[in-house]
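Chemist: As they're listed, the protein sequences go chains A and B. Its first residue numbered 1, the first sequence is counted upward by one per residue in the numbering used here. Its first residue numbered 1, the second sequence is counted upward by one per residue in the numbering used here.
Calculated from the structure, these hints are not laboratory results. Since the structure is predicted, the reported quantities are computational estimates derived from the model, not experimental observations. Just so it is clear, CB atoms sit at the ideal spot from N, CA and C, and this is done for glycine as well. Warning: the hint list may mix true and false statements.
Now the stretches of chain A that chain B is said to cover, found in silico as 3 or more residues with beta-carbon under 8 Å [what the hints assert, rightly or not]:
1. 21-35
2. 64-70
3. 123-132
4. 208-221
5. 224-231
6. 239-250
Pairwise CB distance ranges (calculated) [to be verified]:
7. Ser32/B with Val57/A: 21 to 27 Å
8. Leu108/A with Arg106/B: 31 to 37 Å
9. Val174/A with Leu123/B: 51 to 57 Å
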Amino acid sequence: MATSHKVPLARREAFLLGVLGLCCFLGIWTAIAQLHLASPQFLPTPYAVLARAIHLVSEPFAGATLPLHLLRSLERYGYGVMLAALLGVPLGLGMGWYGWLDHVITPLFDALRFIAPIAWVPFAALWFGTGIGGPILIIFAGAFPPCLIGAYRGARFVDAKYVEAARMLGSGGVRTLIEVLLPASVPSIIAGLRVGAGLGWQSLVGAELIVASAGVGYLMVQGQSNVSTPTVMAGMLAIGAVGLLIDVLLRAAESLVRRRRGLT
Amino acid sequence: MPISRRMIHAGATIGVVLTAWALLTEVTHSISTSRFPSPLQFWQSAKQITTTGYADGTLLSHALHSLKLVIMGFAVAAIIGVALGLLMGWSRRAEAVINPAFLLIRPIPPLAWIPLAILWLGLGDGAKIMVIFFAAFVPAVINTATGVRTIDEHFIEAARMLGTRRRRLVCEVLIPGAAPMIFTGLRLSLQASWTTLVAAELVGALAGLGRVLNMAQQDIYPAMVMVGMAAVGALGWVTTRVLAEAERLAMPWLSP
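Between the sequences and the hints, there should be enough to build the whole structure, so can you do that?
Modeler: Okay, here's the thing in structure tokens:
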């Protein structure tokens, strides 16, 4: 028993303990709500939250149903992350390849890095309005740094013998960049994209809480001003579920790429 | 001499950007100052907020208010999160009980707690601390648990064999062994704390840097927006540096 923490539990025991934990969590929550230790407006039961979420699927709230709000959010999110990837990945590769570009961009990047993405909200609203442009800028601000860093690291740590071989065979700078560096850095780029996609989703929520007129974040803000805790919690549930789904998909893509490369 | 060349390039870049900024806004007026401030406006706004104040306080008072909330929320989350992470890393049973409930909370982005926090606790400091707590809690737990799980078991076996009691085992083997991962988690926690606080203050607050940004946005005052952003970035940088320094002092065996 010296290192009990290394030995996995039997599957059955782990499952039972997990069910026990979940029951405790939901049980305490339900008990507090049912015994009116907190008013139902303050803390609805888990069942009420789920019912509200199902209700929102068909019944519009704050101008649209929950799936439509999600669709609006995903649209902005897609544009923001795509923009971050399209700018961040080539720039990162270029910085890993050309020393002067690295020297020029890095100080600017470092100067902006510590500004929380959400702090771009006032400028986003001022420059691009609250429709789709403003939120896109904030999502971009969240997703861009990991995309750039992933591609940069990928290009910097490419095995030198590939680059040397390409050079020896007479491949030029740009051609080496596209045909050697880019494919060799794909695992690192995908890892960066995954982190960027996660941060972008978080930024989307922040953006929609403040500068949007539709989307899940907006639904939650409206729920909050109507003092409808179940609506707010249903929004949290939806955001968590979609975020999880995005992460699972990108993780699968990442491990697929890594397996194909024989990296693990 | 690659380092000095890098520094020359960096200096030149920043010089060119600052000059272009000044030229485009002050001289050629290609960028409208109603959308993007000029360096002079930035300087004047910085002077205004540090001396006479803006949004009911000087820059220092807003910054201290935000800093106080971050430290309070972060400290509570770090203490509870690291303790829970140690427990989950050490005992497979505890992990099996806690993990499913934890997995329910984990995918919810910290910012999504803001409306709930406002419903429960209003626009005051309590809501901010709650939101920061949830932002900082998750990375602290996950990384601490991973840290404990990856300690070389020889250390634990040796300590056990020498008859070390549980309290000493935790304080002298588990915590130092997991320390690198604990600090990784705390760094992520701290970053999340800042982002979340700024967002929470933007949604609604009575003081703090987020309120400065919010007021400046409503007043359509781009120069003050920029001052607020610079202050957010600077404070984020300072707290990260302080944590890195603490990390170095806490784990002297890792520094060269």
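Chemist: Work down the list of hints and note, for each, if the structure agrees.
Modeler: Taking the hints in turn, this is what the structure says about them:
Three residues within the 8 Å Cβ limit are the bar, and the segment 21-35 of chain A against chain B gives 4, so the coverage statement holds. Here's how the segment 64-70 of chain A fares: 0 of its residues keep a CB closer than 8 Å to some CB of chain B, so the rule of at least three is not met and the hint is violated. Look at the segment 123-132 of chain A against chain B: 4 of its residues bring a Cβ nearer than 8 Å to a Cβ of that chain, three or more, so the hint holds. Coverage of the segment 208-221 of chain A by chain B holds. Counting CB-CB distances below 8 Å, 5 residues qualify, and the rule asks for three or more.
Closer than 8 Å: that is the beta-carbon criterion, and the segment 224-231 of chain A has 3 residues meeting it against chain B, so the requirement of 3 holds. With a cut-off of 8 Å between beta carbons, the segment 239-250 of chain A has 6 residues touching chain B; three or more are needed, and the interface restraint holds. Between Ser32/B and Val57/A the CB atoms are about 45 Å apart, so this pair departs from the stated range of 21 to 27 Å. A hinted range of 31 to 37 Å holds for the C-beta pair Leu108/A and Arg106/B, which are about 34 Å apart.
Val174/A and Leu123/B have their C-beta atoms about 55 Å apart, which keeps the hinted 51 to 57 Å range intact.
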